[in-house]
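Asks: Per my numbering, residue 151 is the first one in the sequence shown, and the count goes up by one each step.
Think of the hints as simulated: they come from the structure by calculation, not from any bench.
Glycine included, C-beta positions come from ideal geometry on N, C-alpha and C.
One or more of the hints may lead you astray.
[To be verified] Computed beta-carbon distance windows for the label pairs:
{"hint": "1", "residue 1": "E260", "residue 2": "N163", "range": "39 to 45 Å"}
{"hint": "2", "residue 1": "Q224", "residue 2": "G173", "range": "40 to 46 Å"}
{"hint": "3", "residue 1": "R167", "residue 2": "D200", "range": "26 to 32 Å"}
{"hint": "4", "residue 1": "R222", "residue 2": "E258", "range": "52 to 58 Å"}
{"hint": "5", "residue 1": "E226", "residue 2": "E174", "range": "39 to 45 Å"}
{"hint": "6", "residue 1": "V195", "residue 2": "S228", "range": "16 to 22 Å"}
{"hint": "7", "residue 1": "R222", "residue 2": "N163", "range": "27 to 33 Å"}
{"hint": "8", "residue 1": "R233", "residue 2": "K257", "range": "35 to 41 Å"}
{"hint": "9", "residue 1": "I165", "residue 2": "L205", "range": "27 to 33 Å"}
{"hint": "10", "residue 1": "K259", "residue 2": "L205", "range": "44 to 50 Å"}
[What the hints assert, rightly or not] Derived DSSO-like pairs (lysine-lysine); straight-line CA-CA distance at most 30 Å:
{"hint": "11", "residue 1": "K257", "residue 2": "K171"}
{"hint": "12", "residue 1": "K236", "residue 2": "K198"}
{"hint": "13", "residue 1": "K188", "residue 2": "K259"}
{"hint": "14", "residue 1": "K261", "residue 2": "K171"}
{"hint": "15", "residue 1": "K198", "residue 2": "K188"}
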Amino acid sequence: MDYKKSLTPDNTNTITRDMIKLGEETGNVYETVRIIGKRSNEISVEIKQDLTKKLQEFSSTVDSLEEIFENREQIEVSRYFERMPKPTLIATQEFLDHEIYYRNPAKEKEKLEEL
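Produce the entire structure from the sequences given, and follow the hints as far as they go.
Replies: In structure tokens:
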């Protein structure tokens, strides 16, 4: 999923989530937190790669102090990424919207053994 198109709440609002309801899908709150945490790490890596790629466009071999402070486009790119929702918020919203595929091999093994 493209994290830029996600419909997550902005960073200025705090949302209290009922952890029991979050854990209902997996049956275990800790497993849910692990799933959201792993997806959050993936999103964080994607965001960092995008930011690095965009900032490399502005890099030059000779940087003077004046060029660094006057590069408005670079400042706007940085501000855009700072205003984006945090990876944890994006991952939580993806989990709530059932957009994350996950599996637990231990549970699958137990189900096979029961049959």
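Asks: Confirm or reject each hint.
Replies: Results for each hint:
In this structure the supplied range 39 to 45 Å holds for E260 paired with N163, their Cβ-Cβ distance being about 40 Å. In this structure the supplied range 40 to 46 Å holds for Q224 paired with G173, their Cβ-Cβ distance being about 42 Å. Restraint check, R167 to D200: a C-beta distance of roughly 27 Å satisfies the suggested window 26 to 32 Å. Our hint of 52 to 58 Å for R222 and E258 holds, since their Cβ atoms are close to 53 Å apart.
Distance hint check for E226 and E174: the Cβ-Cβ separation is about 42 Å, which falls inside the suggested range of 39 to 45 Å. In this structure the hint that V195 and S228 lie 16 to 22 Å apart at CB holds, the actual value being about 18 Å. Judged by the Cβ atoms, the range 27 to 33 Å given for R222 and N163 holds: they are separated by roughly 29 Å. A hinted range of 35 to 41 Å holds for the C-beta pair R233 and K257, which are about 39 Å apart.
Judged by the Cβ atoms, the range 27 to 33 Å given for I165 and L205 holds: they are separated by roughly 31 Å. For the hinted restraint 44 to 50 Å between K259 and L205, the CB-CB distance of approximately 45 Å keeps it satisfied. At roughly 20 Å between alpha-carbon atoms, K257 and K171 fall within 30 Å of each other, so this suggested pair holds. At most 30 Å may separate the alpha-carbon atoms for a hinted pair to count; K236 and K198 meet this at roughly 12 Å.
Between K188 and K259, the direct Cα distance comes to roughly 22 Å. Compliance with the 30 Å bound is thereby established for this hinted pair. At roughly 24 Å between alpha-carbon atoms, K261 and K171 fall within 30 Å of each other, so this suggested pair holds. With a C-alpha separation of about 16 Å, the suggested pairing of K198 with K188 holds against the 30 Å cut-off.
Against the hints set out earlier in the document, no violation occurs for any number.
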